[in-house]
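Trainee: Chains as they are written, first to last, in our numbering: chain A, 80 to 755; chain B, 19 to 180; chain C, 50 to 630.
Be careful, since some hints might not be right.
[To be verified] Short derived list, chain B residues pointing at chain A, Cβ under 10 Å:
1) 69
2) 74
3) 84
4) 90
5) 94
6) 125
7) 126
Since the hints were derived computationally from the structure, they do not count as laboratory data. Owing to the predicted nature of the structure, the values given are computational and were not obtained by experimental measurement. Beta carbons: idealized from backbone N, C-alpha and C, even for Gly.
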Amino acid sequence: MDKIKLIIDGKEIIADKGTTILSAAKDNGIEIPTLCHSDRVALYGACGLCTVEAEGIPKLLRACSAKASDGMVIHTDSERVKKSRKIALELLMSDHTGDCVGPCSLNCPAGTDCQGYVKLISQGNFHEAVALIKEKLPLPASIGRVCPHPCENACRRQMVEDSISIAYLKAFAADEDMKENTFVPEVAPDSGKKVAVIGGGPAGLTVSYFLRTKGHSVTIFDAMPYMGGMLRYGIPEYRLPKKIVEAEVQQIANLGVEMKNNVKIGKDISFETLRKEYDAVVVAIGAWSSLSMRCEGENLNGVVGGIDFLREVNEGKRPDIGNRVAIVGGGNTAMDACRTARRLGAEEVYVIYRRTRDEMPAEKIEIDEAEEEGVTFKFLTNPAEFIGEDGKVTSVKLQVMELGEPDSSGRRSPVPVEGKFETLPIDTAIMAIGQKVNTSGFEEIELNKKGIISANERTFRTSLEGVFAIGDATNRGASIAIEAIGEAEKASKVIDAYLFGMDIPYRKPFVSEKEVTPEMLKDKEKASRAEMPVMSAEKRVKTFDEIALGFTKEQAIAEASRCLECGCHDYHDCKLIKYANWYDIKPERFAGMKNIFPKETKLVSIERDQSKCILCGLCVRICDEVAKKGILGLVGRGFTTTIKPEFDNDDVISFCKDCHKCADACPTGALKIIEK
Amino acid sequence: MSCSDCHKSDLSLLNETLEKYKNIKGSLITVLQKAQEIYGFLPTDVIYKIAEEMNLTPAKVMGVATFYTQFRFKPVGKYLIMLCQGTACHVNGSERIEKAITEELGISDSETTEDGLFTLKNVACLGCCSLSPVMMINEKTYGSLTPETVREILKELKEREK
Amino acid sequence: MRIVVGKGSCGFAAGAGRVYSALENLIDDKSVLSITGCIGMCFLEPIVDIYEGEKLLRRLVKVTENDAENIIIAVKNNDFSLVDNLTISEKDEEFLTKQTRIALRHCGIINPESIDDYTNDNGYKALRKVLTSMSPEDVIEEIKISGLAGRGGAGFPTWFKWNAARNSKGDEKYLICNADEGDPGAFMDRAVIESDPHTLIEGMLIGAYAIGAKEAVVYVRAEYPLAIIRLEKAIKDAEEKGFIGKNILGSAFSCSFRIKAGAGAFVCGEETALIESLEGSRGMPRLKPPFPAEAGYWHKPSNINNVETFANVSWIILNGGKKFSAMGTEDSKGTKVFALTGKIRRGGLVEIPMGKTLRDVIFDIGGGIKNDAKFKAVQMGGPSGGCIPEELLDTVIDYKKLSATGAIMGSGGMVVMSDSTCMVNMAKFFLDFTTKESCGKCVHCRIGTKRMLEILTRITEGKGKDGDIELLEELCLGIKDGALCGLGQTAPNPVLTTLKYFKDEYVSHINEKKCLAKECASLLTYSINPEKCVGCSLCSKKCPTQAISGEIKKTFSIDTEKCIKCGQCKAACRFGAVNVD
């Protein structure tokens, strides 16, 4: 056959005469996007994504049909081409209705594939579930126990009755996985690059896990005697047993991550040295100091910081806190502190909170359980002064508050009721009102106004070359563990690229989302949420043993089966979303009327969701030209064109059965194979 | 082929047309046009019959029939009002004419009055641009319309049917 | 003497049918009465011509059936004073005398239903010449010399397409005539078929000979029933006379002929969509390449031209390509037919040599704007074209010069607009048309035009936003670049040209929520001027929503909440007391 010579994106290419530009490019490793083209069916030209620019030709060419000719100079990624593809994708997406991923995943700061692993759990595939979780989160047994689960808060099942117990399911799968045949990720061959990670908490462990699996040599330096950071030193044993943290740390160590404890930067080793000896340094030191209230008497003995108190107990110490303990604050740390205080033997434990129960940031279950354990809540009060004798606190003077106008967070802000006070006799006061970052040893890094390490939110870079920072120690300060883990996972990719001399900032992927109302779910059968069995309150105040008793397999499978599977089955193979992310689209610019249809199962083994259809026509053409059945057809024209199966008789139904060629060809999730 | 819950038409009326065209490649549109002349619209069973006889799938026939505006799937009223949507008619106020028809009959484009008397159909340029705005009712053309004259014409037709 | 009634679609619409019947009833010698096609003076229909032999004695205009008796008497007595009041004015005659007619040379003169009328006027002479003395290559060469370009809009050289189809391999080739004239506001092709069907047939036969086709097909839109009837008759007559069929005029050339009626889809004017439709499929354009010249109808080499293009062919063969190319400009040769409509004083069919200006057509021939209103713009090329403003009225009619304005020559629709036409609403009108006619295949056209329409709609409803103009511009360029077929690629033109020349109207809709032309109802407020209102209550009686109230003989007022801005009060008021702002 005759050969021709052409240039595509600067690369000289020899191709057979008569070849299209699309296949000439493909044969040479250049991917030109297309949604409607398939070699198996006749040319069509609907999607307009494969446009390329040819020098000397004023119009853009569709690479799927335009023949390559000798001497052609083609650009597949010129600005004009990119713009054209981008607008095509934006238009397509503006008339595409569906959830790429479920609201659970979207709301998870680490983007874990909740729907995916819940589905695997419902099938009893616990190891595969853990493998999937660990694509984003290497500490599922720990996090599953303590995470305040933003996933569940977003769960759409709440519109039916109650959210899926996603967090506990995760812990359940991880526990099962740890029993035997524990999942071990693949570790890439050694890259020869060295990374120092400062801090062995959730962020540090996570970034180490992912950098290690990418083949880098990783060393964690931690100031404490054991790894785990706040998971170990901040969270009480009864919520997260140390042995769980240890086991998950060990799994990471087993991958070859070197772990050095009792090393304080600036004291045991200088930051300078680390920077010199390692190709990259990740600062993940957390926020380990308690915030003060700046109220009188705070320096008295017996007034302690919340996380300081929890750390001491978690180190195995049993501090003498007396019989009457007041905890100031309404968050999860306050709950951990008051419940720990009860376990240490204090009879009268108070939680002093300046708003009411409704405004408390702590998890509801934590509040309920604290109450069951005999904790007294003093709402609408705030410490005005700690009063002491001989330098030790004896009572606290409480200012009585009332709720005023809502503040910027939407919560009604407390205002003092003038002249109204009460006094509470106490032996210990625990201030659980917040954490701050201790940056000593890291003075060279630029801090933000709040005195926290400033790191770029997309590159995780600090002001120092080769130094990255993540987690509680950065930007907005302390948050929940899964936030830090999410950052760590994203940072691992950026750092990996950095180690090879590339700068690839994190970009939030575009996903399609749809609005769902309770009305749309009204036909779902109700199935109540599995409650986690717990130790009785009387028993648990006497011990630090874990209070959650765990699901049985049957419970877990039943619970997982409640999932509505909101996210698209085709998300990972969807060409539309893949290209949408190549071109960084903003379809909301073109928001307008959408073609929305109910799901339909008229095709025997295929579920059709026309709302996701992009009218590439592949299913119709495959059914006609490849399967030779012609069951599917285009109906109508213009914007409201749809695809419909046309049959009302049994012959055709059996004809359609088990063919699946249309679903295989669909570039989006509009066609789904179902087992009937 | 069978067709559940659809209209039962006298399919024998189609025989002559099918006989003439079924072996001529590419004559589907012509057959559909003849069928519509016979039945006034395209009933589902007729579509199935055509598909079967012409050795096409119903999906293909439906695809063609729904592509072209000439084809209807419901019976039309006794008076088919075809309102011209050409540029000249637009410039000379066809929007106001449409509004007047809608107000007078309570139907919008492609709808039929409950009594089955009138169907309104917006159509592509009728080519009588110098008489714009123009409408055709059945075979008769009415030009240089105003909202008032349209109302009068419709009232007269209604009156005739009383 | 002969009495000839103009019976084209336009004439029928104006009442020519009734006039003809009235004459027929009164006349004794029916042979005196005959018909002709479209004379082109639509504004004067129905028209009755009185001939003595070939000489036109009188042209009577705006005739009604009540005039029939007087006409008969006048003819009988050879005294036309009775019909002086119907006789065309000198000024109106200029409408025709200022034209140069080639494609329309027989229109309104011969009887379209008589093949003898056609052959008596040099009909089928060109075909005879071609078959007896010219090779297909000679024909193509002659067409090349003439400079004839596709009259459907794109202006592609006709000889080039013929040559490509001729050189394509294969014995089975097709010649197709695109008579799917779908531009709203264009009716040139219909007039040619209704008035002179044999010219089309002859042009097509010559084309078929040139490319080597044995089959010719005319794709006519279904909305042209009269054209189909006349063409059917013409084909039958031509077959009988041996102009169509086997061994035409004794030569080796054979060609069959048939008509295929469209079924209502503007997109079928696009040649590959037309082919799909001919094959009995959904009229969705195909990818090009391959071009129809290589793989068209049934994937065989095919050539497609429009009616007007073919209508020039026999004239060129008879008179020589040079005579044709002597007319026009350097880039555009010959004449062009336009359908002049809108707010024009004298609307109808105009054929002029290329190189005349828009002003010549609109003001010199068309007589300017109806009711002496102010000219604002002329729309050319329908949904694929654009609006040309007053300052460009001296633009020369020529493919390149017109394209440079952002509009196009198009197939010949020329819609004139006055200052009461809102240009944003005009753009919206075309986009509404395009979205309804989009085949739905490619993304840019299916969704892009829909989004453009949505943006234009919100602008005309006073909900336009900052950035809408930029968004429209971006969409326009995106669709131009990305759409599959010519229709999609040109769909943004009405928006682009109005944005180019009338941006102030967009800006005032968006920023000030004002429609300068007072056409966009949502942006208008109706009120009653107390100084002019006499309290007659007529407006309140006409108001369909009871928004107007008041006491007799006192000033009435409009409740703006209830007002639906239908304008009936303004139309009803005899004192000009209804203000619109």
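Trainee: Each hint needs a verdict: does it hold in this structure or not?
Mentor: Do the hints match the structure? See the list:
1. Restraint check, residue 69 of chain B versus chain A: the minimum CB separation of about 9 Å is within 10 Å; hint holds.
2. A hinted interface residue such as residue 74 of chain B counts as satisfied when its beta carbon comes closer than 10 Å to some beta carbon of chain A; here the least separation is about 8 Å, so the hint holds.
3. For residue 84 of chain B, the interface hint holds, since its Cβ comes within 10 Å of a Cβ in chain A; the closest pair sits about 5 Å apart.
4. The closest approach between the C-beta of residue 90 of chain B and any C-beta of chain A is roughly 14 Å, which is over the 10 Å cut-off, so the hint fails.
5. At about 19 Å, the closest approach between the beta carbon of residue 94 of chain B and any beta carbon in chain A exceeds 10 Å, and the interface hint on this residue is violated.
6. Nearest Cβ of chain A to the Cβ of residue 125 of chain B: about 20 Å, over the 10 Å cut. The hint is violated.
7. Interface hint status for residue 126 of chain B: violated, as the beta-carbon distance to the closest one in chain A is roughly 16 Å, over 10 Å.
The structure shown violates the earlier hints numbered 4, 5, 6, 7.
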